Amino acid sequence: MRQITLPAFGPPDALRLEDAPAPQPAPGEVLVRVAFAGLNPLDYKLRDGSSGRASALTLPAVLGREMVGEVIGAGEGVDLDALGMPVGTRVFGVRDLGDMRGTYAEQVAIPAADLAPVPDGVPEAQLPVFAGLALAGSTALTALEDDAELAPGMTLLVHGGSGGVGQMLVPLALRAGATTVWATGRSANAQRLRDLGARPIAYDTEDWESAIDAATDGRGVDRIIDAHYFDTFVPSLDHLAPGGRIVALPSLADVAPARERGIDARVTKMAPSPQRLAALAAAVADGTLDVEVSTVLSPAQIAEGHRMLEDGHTRGKIVLDLRETA
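Take 461 as the starting number for the sequence shown in our numbering and just add one per residue.
Everything labelled a hint here was simulated from the structure, so no lab data went into it. Please read all numbers here as calculations on a predicted model, not as lab measurements. Among the clues, some could well be false.
Unchecked claim - Taking lysine to any residue pairs in the SDA-like style, the calculated list, with each CA pair at most 20 Å apart, reads:
hint	residue 1	residue 2
1	Lys-505	Leu-517
2	Lys-729	Pro-471
3	Lys-729	Arg-476
4	Lys-729	Arg-652
5	Lys-729	Pro-501
6	Lys-729	Ser-511
7	Lys-729	Phe-469
8	Lys-729	Met-560
9	Lys-505	Phe-469
10	Lys-505	Gly-558
11	Lys-729	Asp-606
12	Lys-729	Glu-784
13	Lys-505	Ala-763
14	Lys-729	Leu-557
15	Lys-729	Ala-739
16	Lys-505	Ala-716
17	Lys-505	Ala-739
18	Lys-505	Arg-476
19	Lys-505	Asp-559
20	Lys-505	Ala-482
21	Lys-505	Arg-775
22	Lys-505	Ser-515
23	Lys-729	Ala-474
24	Lys-505	Arg-767
25	Lys-505	Gln-761
26	Lys-505	Asp-691
27	Lys-729	His-688
28	Lys-505	Lys-729
29	Lys-505	Ala-474
30	Lys-729	Leu-712
31	Lys-729	Arg-561
32	Lys-505	Pro-471
33	Lys-729	Phe-690
What the hints assert, rightly or not - Quick list of the computed label-pair ranges, beta carbon to beta carbon:
hint	residue 1	residue 2	range
34	Arg-783	Asp-673	43 to 53 Å
35	Gly-548	Ala-662	27 to 37 Å
36	Ala-662	Pro-717	21 to 31 Å
For glycine and all other residues, C-beta sits at the position ideal for the given N, C-alpha and C.
Construct the entire structure; sequences and hints are all you get.
Structure (structure tokens):
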């Protein structure tokens, strides 16, 4: 088996494509032959050691949190037929936050609870979509349902609307009954945001604060979900409606400035489940979610993928094709 290994914290070129023994599924786990793995900003923060979760890695390590592939076996106590995932079933999933094993590998062992079947009839060409669905989608649903508690009739501002999570937040919020969703992004991505149903605010050509004030007559919005955080969180506090709430996506976000002002603020901790994964798959199948995969890379291009993650301006999802690793 081949996998991409991080021998020591460092730059993108530190990642290595190497041979490794195939994993053995533990009790409760499913063995999956990986077709595509999703790349996410957390990956590069683990690679360079800047994430607080990097201390939980045992080096050498394999990075990656999500993937899509085919069931090829299971550990003790797993009834694949009862789960609706017999050998040969195409599945997708995301590792729980406590599971630091990666997905940049030809085969992975992953708890059955972290997987869901890919809907029947999905063509092979659409599989990369499911490689980039589980982490961003579970994050979006957790932020909307558990943290923002978005209710019908509310308004929402999404910072980072053209990113992987942002592009899922917009249609899911509209489906949940939001009356208006504003989304910040570069002007080049404005049409994509319109296509998703948002009202775009091009932060590179206009002042988003003035735009929100004008659009809401100074009232502000009921909910803000902030995927950028660093330069947007504190200014956003001035643009919440009375009783509003702000949700930050970066796991290390400091929400003290909001709470010091009596503003309800939360930090999202992704909570995937088979039910949420199934809901995401259904949303793709019925057209609610139009997941944009911007780039598909070979394992040999993994360093390029991490440089793209660090740049922070990639629209949609980057995925890694692990079907051919020779």
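Quickly compare the C-alpha distance for Lys-505 and Ala-739 to 20 Å and report which way the hint goes.
-> Measuring from Cα to Cα gives roughly 29 Å; hence the hint is violated.
Can the restraint linking Lys-505 and Ala-716 be considered satisfied, given a maximum Cα separation of 20 Å?
-> Distance of about 23 Å is beyond 20 Å: violated.
Measuring from beta carbon to beta carbon, are Ala-662 and Pro-717 in 21 to 31 Å?
-> holds (26 Å)
Proposed proximity, Ala-763 with Lys-505 (alpha carbon, max 20 Å) | Satisfied, since the Cα-Cα distance of roughly 13 Å is no more than 20 Å.
Lys-729 paired with Met-560 [C-alpha distance capped at 20 Å] | holds (15 Å)
Distance restraint between Lys-729 and Arg-476, which requires alpha-carbon spacing of 20 Å or less | Since the Cα atoms of Lys-729 and Arg-476 sit roughly 30 Å apart, the hinted pair is violated (cutoff 20 Å).
Given the hinted pair Lys-729 and Leu-712, is their alpha-carbon gap at most 20 Å?
-> holds (10 Å)
Verify the proposed pairing of Lys-505 with Lys-729, using a straight-line Cα cut of 20 Å.
-> At roughly 16 Å apart (the allowed maximum being 20 Å), Lys-729 and Lys-505 satisfy the hint.
Straight-line alpha-carbon gap Lys-729 to Ser-511, limit 20 Å = holds (14 Å)
Please work out if Lys-729 and Asp-606 have their alpha carbons no farther apart than 20 Å.
-> holds (9 Å)
Regarding the pair Lys-505 and Phe-469, is the alpha-carbon distance no greater than 20 Å?
-> Distance ~10 Å between Lys-505 and Phe-469 Cα, so the pair holds.
Lys-505 paired with Leu-517 [C-alpha distance capped at 20 Å] = Within the cut-off at roughly 12 Å; holds.
Hint check: violations occur at hints 2, 3, 4, 7, 12, 16, 17, 20, 23, 35; the rest are consistent with the structure.
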